[in-house]
Amino acid sequence: MNQKTKKLFIFLTILSTIYYLRPNTSFAQTFDSASYHIDFGNFNMTSGKKSSTNYTLTDTVGQNAPGRYDTAGYVIKAGFQYLYESGIPLSFEISDTDLNFGSLTPNIGSTVTNTLTISTPTGHGYDILAIANHPLKYLNSTIPDTKCDSGSCSESVSGVWTNNSTFGFGFNANGNGTSSYFTNSTYFRQFADNSSGETAKILMSEPTRVKDHSALITYKINISPIQSAGTYENSINFIAVPKY
Amino acid sequence: MKILLILLPFLNIKTHMPNFNLTLSPAQIEFVLKPGVTIIQAYDVINDSGSSITLNTQVLPWIPNGTNGSVNYNQAINNPNIEFSLNNSNIQLGQPFTLAANSKQQLVLKIKTNSNIPLSDNYYTFFVFQNQNTTNTHNGSTSQANGKIGSHILLTVSDTENPKVTSEIQSFSISPKIKDVFFNSITFKGKIKNNSDFFFKTNGKITINKNDKIIKELELNPDNVLNHHSRDISCANQTSCQINPPLWPGHYKVIINLDSSLNAKPYETSFYVWPISPILLIVLVAGIIFGIRKFKPKTKN
Chain A
1 MNQKTKKLFI FLTILSTIYY LRPNTSFAQT FDSASYHIDF GNFNMTSGKK
51 SSTNYTLTDT VGQNAPGRYD TAGYVIKAGF QYLYESGIPL SFEISDTDLN
101 FGSLTPNIGS TVTNTLTIST PTGHGYDILA IANHPLKYLN STIPDTKCDS
151 GSCSESVSGV WTNNSTFGFG FNANGNGTSS YFTNSTYFRQ FADNSSGETA
201 KILMSEPTRV KDHSALITYK INISPIQSAG TYENSINFIA VPKY
Chain B
1 MKILLILLPF LNIKTHMPNF NLTLSPAQIE FVLKPGVTII QAYDVINDSG
51 SSITLNTQVL PWIPNGTNGS VNYNQAINNP NIEFSLNNSN IQLGQPFTLA
101 ANSKQQLVLK IKTNSNIPLS DNYYTFFVFQ NQNTTNTHNG STSQANGKIG
151 SHILLTVSDT ENPKVTSEIQ SFSISPKIKD VFFNSITFKG KIKNNSDFFF
201 KTNGKITINK NDKIIKELEL NPDNVLNHHS RDISCANQTS CQINPPLWPG
251 HYKVIINLDS SLNAKPYETS FYVWPISPIL LIVLVAGIIF GIRKFKPKTK
301 N
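Protein chains in written order, with my numbering: chain A, 1 to 244; chain B, 1 to 301.
Hints are not guaranteed to be accurate.
[Stated by the list, open to error] With a straight-line Cα cutoff of 25 Å, these simulated DSS-like cross-link-like pairs (lysine-lysine) come out:
no.: 1; chain 1: B; residue 1: K253; chain 2: A; residue 2: K211
no.: 2; chain 1: B; residue 1: K265; chain 2: A; residue 2: K211
no.: 3; chain 1: B; residue 1: K177; chain 2: B; residue 2: K265
no.: 4; chain 1: B; residue 1: K201; chain 2: B; residue 2: K177
no.: 5; chain 1: B; residue 1: K253; chain 2: B; residue 2: K191
[Said to hold, decoys possible] What the simulated footprint calls covered on chain A by chain B, stretch by stretch (three residues with Cβ under 8 Å from a Cβ of chain B suffice, anywhere in the stretch; the number is not a length):
no.: 6; region: 144-154
no.: 7; region: 180-189
no.: 8; region: 226-233
What the hints contain is simulated information worked out from the structure, not anything from laboratory work. Just so you know, even glycine gets a beta-carbon here, dropped at the ideal spot from N, CA and C.
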C-alpha cells in the first residue's frame, strides 16, 4: 500500500466514523395549536379504541409505566387508554331551534315540534328546564300564556288543552322523563316567564344514567279573533344539567 | 316541473334545520381545597351539529332542590371569596366565542379561593350556552329555542384532606310490610341527612337477613349528600332499591348501614312474608271440591 492509498484509507475511515456517529432524529410526537405546543416523550406502537358487536377494547402498547397508581389523596392513571374510560359524556341536543308558526288563524291552534335528546355519564341523572325571555310579543301586544281548558294550568302545573276557544301559548313534552310533568299529549303548560321574575321549570327529568333519551316538544298557539295582527316573537332557553 | 315534484320524495335532499348539539365533559368535578388554593380544570366542549355556533360561558351558584339531586339557581348566593376565570388565551368567561361545526374546544377554568374563605362547601355550575339569536327571518310568528348545558362544581374548603362529616338515616321504609311469597317486589325507600358542613357520598348497603342468615345485600349508589341537606337513597344497578319474589315465608330483618366514616347509626326494621297465595289457592281448590261434592246430583242405587 503506497502513501497515497494509506491517506485515502484513513480519510475514508474517519469519514465513515463521523457518518455513523452523527446524531439521529428521534421520532416523538408533537401537537400544535395557535396557542400551545406539546411534546410527547414517547410514541406508542399502537393505541386506540377497538370495538366489535359485543366488546370494546381500549389499549396502549409502548406506553412507559402504564397502569393505575393509587395513594392517599391521589390517583394516577398512566396510559392513553384511560382517555376513553369516561364512557358517555353529558350531551344535549335540540333538533330544531327555529320554531316558525307561520301565519296564525284565530280559533285554530298552530303547532310546531322539535325534539330534545340527552345523554348523561355514569352516576348522573339529569334535569332539563325551560324558561322564555317573555311571552310571545309584537310591539306592545302579547299572546298570553295558556291557562288550558280548566283555566288553571301554569308554568308548574299542566292541564288538558284541546278546546279551540281556549287561547294562548303553551307546550307539551312527550317521551322519556316527561310523565311526571305531562300526563299525555293533550296536556300543556306555560313556559316560565323570565320578564315576570318566574324561574326555569323542569319539563324532563330522570334519576339515572341515560343514553340518547328524547322527548318530543309540541309548541301550541291559539289566538282569539281580537288578537292584534303581527309577527310575534320570543326566545325559549332549554337548560340541561346533571343530577349532582 | 311535475317530474321534479314526483321525484322529490325519492331524492336524498336533506333540508337544513338549525340545531343545538353540544357535549360537555366532565359533567361534574369535586375538589377538596385548602383556603387560598387555586385550581385549574379543563373542560371539553364539542359542537356535534353540522353548523358553527356562537357560545358563551357562565358560572352560577346553586343550592340543592328537593332530595333527588336537582338544583335551584334562584336562591343561591355567590361566595365573594371564590373567583372564576378562563385561562384560555383567546376566550374569556362571559365573552362569546364561535365553535365550528363538528369541532372541539378546550375551556380551562381557573378557580381561585381567598385565604380567608370560610371552611365549608360551595356549589356552582359551569355553563356553556348558545348566544341568543333574536333575528326573525320568517314572515310569521316565531320562537327561538336556545340550548344551555352545565357541569356541576362541588368544592369543599377545608384544612384537612378528609373533613369530618356526621350523618343520619333520616327515614327508611319498606313497602309492603306484609307480603306474599310470590307476587310483587319489596321496595326500600329512605333518606340520608348530612348534619355537617361538607358533602359526602352515600357509601353503604342494605342487608336483608332471615334467621340470622344474609339473604341479600344491596349496595347503595355513591350519591352526593350536600351539607345540611338530605338525599334519597338509590341502589347500584337498580332503578329503585328492591328485592324480587319468590321469598320463603317468615320474618325478615333489614339493616341499612352507612360507611363508618359517615358516623351514622345503623337503622333496623323488618317485614313479613306470608304464604297468602298458596293458602288462597288451597282454599279455592277446597271450595271447588266442596262445591262439586255438595251440588253433584246423588246417584240412586
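Among the hints numbered above, which are violated by the structure, and what are their numbers in rising order?
-> As far as the earlier hints go, 1, 2, 4, 6, 7 are violated by this structure, in ascending order.
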